[in-house]
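Residue numbers (this note's numbering), protein chains in the order written: chain A, 1 to 189; chain B, 190 to 378.
No wet-lab data here; the hints were simulated from the structure. Be aware that one or more of the hints could be misleading.
[As the list claims (entries may be wrong)] List of simulated lysine to any residue pairs, SDA-like, C-alpha gap at most 20 angstroms:
| no. | chain 1 | residue 1 | chain 2 | residue 2 |
| --- | --- | --- | --- | --- |
| 1 | B | LYS236 | B | ASP304 |
| 2 | A | LYS47 | A | LYS72 |
| 3 | A | LYS72 | B | TYR268 |
| 4 | B | LYS293 | B | SER334 |
| 5 | A | LYS55 | B | SER256 |
| 6 | B | LYS254 | A | VAL54 |
2 protein chains.
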Amino acid sequence: MVNYPLKRPPQATHLSSVSNRGMDLENAINQTNEHYVDNGIAYIYKKPIPIQVVKVDYERRSAAKISEAYYKIPSTTDYNGIYRGRYIDFEAKETQNKTSFPLKNIHEHQVKHLDHITKAGGIGFIIVAFTKLDKVFLLDSNHVSFFYDRAKDGRKSIELSDFEALGHLIPEGYVKRLDYLKIVDKIYF
Amino acid sequence: MVNYPLKRPPQATHLSSVSNRGMDLENAINQTNEHYVDNGIAYIYKKPIPIQVVKVDYERRSAAKISEAYYKIPSTTDYNGIYRGRYIDFEAKETQNKTSFPLKNIHEHQVKHLDHITKAGGIGFIIVAFTKLDKVFLLDSNHVSFFYDRAKDGRKSIELSDFEALGHLIPEGYVKRLDYLKIVDKIYF
Numbered sequence: 001m002v003n004y005p006l007k008r009p010p011q012a013t014h015l016s017s018v019s020n021r022g023m024d025l026e027n028a029i030n031q032t033n034e035h036y037v038d039n040g041i042a043y044i045y046k047k048p049i050p051i052q053v054v055k056v057d058y059e060r061r062s063a064a065k066i067s068e069a070y071y072k073i074p075s076t077t078d079y080n081g082i083y084r085g086r087y088i089d090f091e092a093k094e095t096q097n098k099t100s101f102p103l104k105n106i107h108e109h110q111v112k113h114l115d116h117i118t119k120a121g122g123i124g125f126i127i128v129a130f131t132k133l134d135k136v137f138l139l140d141s142n143h144v145s146f147f148y149d150r151a152k153d154g155r156k157s158i159e160l161s162d163f164e165a166l167g168h169l170i171p172e173g174y175v176k177r178l179d180y181l182k183i184v185d186k187i188y189f
Numbered sequence: 190m191v192n193y194p195l196k197r198p199p200q201a202t203h204l205s206s207v208s209n210r211g212m213d214l215e216n217a218i219n220q221t222n223e224h225y226v227d228n229g230i231a232y233i234y235k236k237p238i239p240i241q242v243v244k245v246d247y248e249r250r251s252a253a254k255i256s257e258a259y260y261k262i263p264s265t266t267d268y269n270g271i272y273r274g275r276y277i278d279f280e281a282k283e284t285q286n287k288t289s290f291p292l293k294n295i296h297e298h299q300v301k302h303l304d305h306i307t308k309a310g311g312i313g314f315i316i317v318a319f320t321k322l323d324k325v326f327l328l329d330s331n332h333v334s335f336f337y338d339r340a341k342d343g344r345k346s347i348e349l350s351d352f353e354a355l356g357h358l359i360p361e362g363y364v365k366r367l368d369y370l371k372i373v374d375k376i377y378f
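Make a model of the complete structure from these sequences and hints.
Right, here's the structure in full:
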């Protein structure tokens with residue numbers, strides 16, 4: 001049973017405002033992915049947020065309303081798909097920090113997942129948006145693993161200067177809002 | 190905010206019993222995928238069910254309870270990941286029918302998605318379990334597209350005999366409950 005929730009305007013809640021923090025980057029990537037799909041360039045999709053459904057009410061025959069559910073920890077990354085015959089997998093995060101990206105924004109199992117993907121012959125990376133600087137970087141999974149391992153004994157973040165030295169600035173545009181495959185072309189093919 | 194929903198036993202509802210119909214196949218595939226991941230064979234995961242969250246309540250600081258949400262139509266297939274360097278993508282369905290698989294069980298956009306994947310160099314197929322016969326088949330995306338197109342003018346199902354002729358019986362076992370990669374090895378590599 002499927003309802004079209006856009007008919008009812010979502011109510012503002014504490015959580016929705018918190019989770020909206022990441023919405024700009026997510027929207028930019030989703031719109032770019034739609035462009036890729038529409039033009040047969042790549043088939044990359046955002047995975048739905050995992051939710052444990054506990055209780056469903058049937059008020060009307062046509063609409064199954066979930067009345068009790070909880071967020072679960074994602075087991076992998078946000079995005080995956082296929083591009084130029086290769087498997088591609090990444091996580092996307094925003095930070096308001098102007099000088100570094102705090103590693104607490106990424107789960108350890110996500111770093112491990114990207115590491116597995118890279119070792120299995122796939123393309124794995126993170127996309128990090130420094131919103132106050134209006135800069136978005138792609139950083140390869142191998143570098144992410146390096147900084148994540150280093151964080152166990154020391155610095156718990158990746159510096160902006162590290163992104164500038166080891167990462168790649170993603171070009172922004174109107175149609176392809178965040179053309180990250182341009183960078184993928186350059187560094188993985 | 191993440192809660193561990195296993196603490197509270199899920200309440201039986203109409204919908205959960207309906208959606209449990211597909212749980213046996215899903216469990217078998219998920220357990221097999223865990224085996225593949227644990228042994229570094231493949232990284233294939235089930236995507237979460239897409240849910241539109243409308244309202245979230247904070248009864249306690251530690252638990253965000255979703256109190257209003259609705260199911261959405263999935264935009265792609267259930268499973269995807271990487272195996273032997275290739276992108277892999279499939280949909281899994283059960284039927285209690287003993288002679289054919291009704292095509293209404295698969296959305297048109299899922300058939301198109303598998304077709305895109307195959308054309309982009311990925312591996313795409315469906316897994317169909319005939320539960321009353323205890324037989325599980327893998328059928329390549331090209332065959333699925335053929336039967337789906339044919340259904341526009343005629344027969345709205347894929348016959349068991351078609352699965353026997355064009356599909357591949359998936360071996361079942363104890364550790365690898367449904368070793369579908371054995372079939373993938375045979376037909377795609």
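Quick rundown of the hints versus the structure:
no. : hint                   : result
1   : B:LYS236 with B:ASP304 : 19 angstroms, holds
2   : A:LYS47 with A:LYS72   : 13 angstroms, holds
3   : A:LYS72 with B:TYR268  : 18 angstroms, holds
4   : B:LYS293 with B:SER334 : 13 angstroms, holds
5   : A:LYS55 with B:SER256  : 9 angstroms, holds
6   : B:LYS254 with A:VAL54  : 10 angstroms, holds
In this structure, every one of the numbered hints holds.
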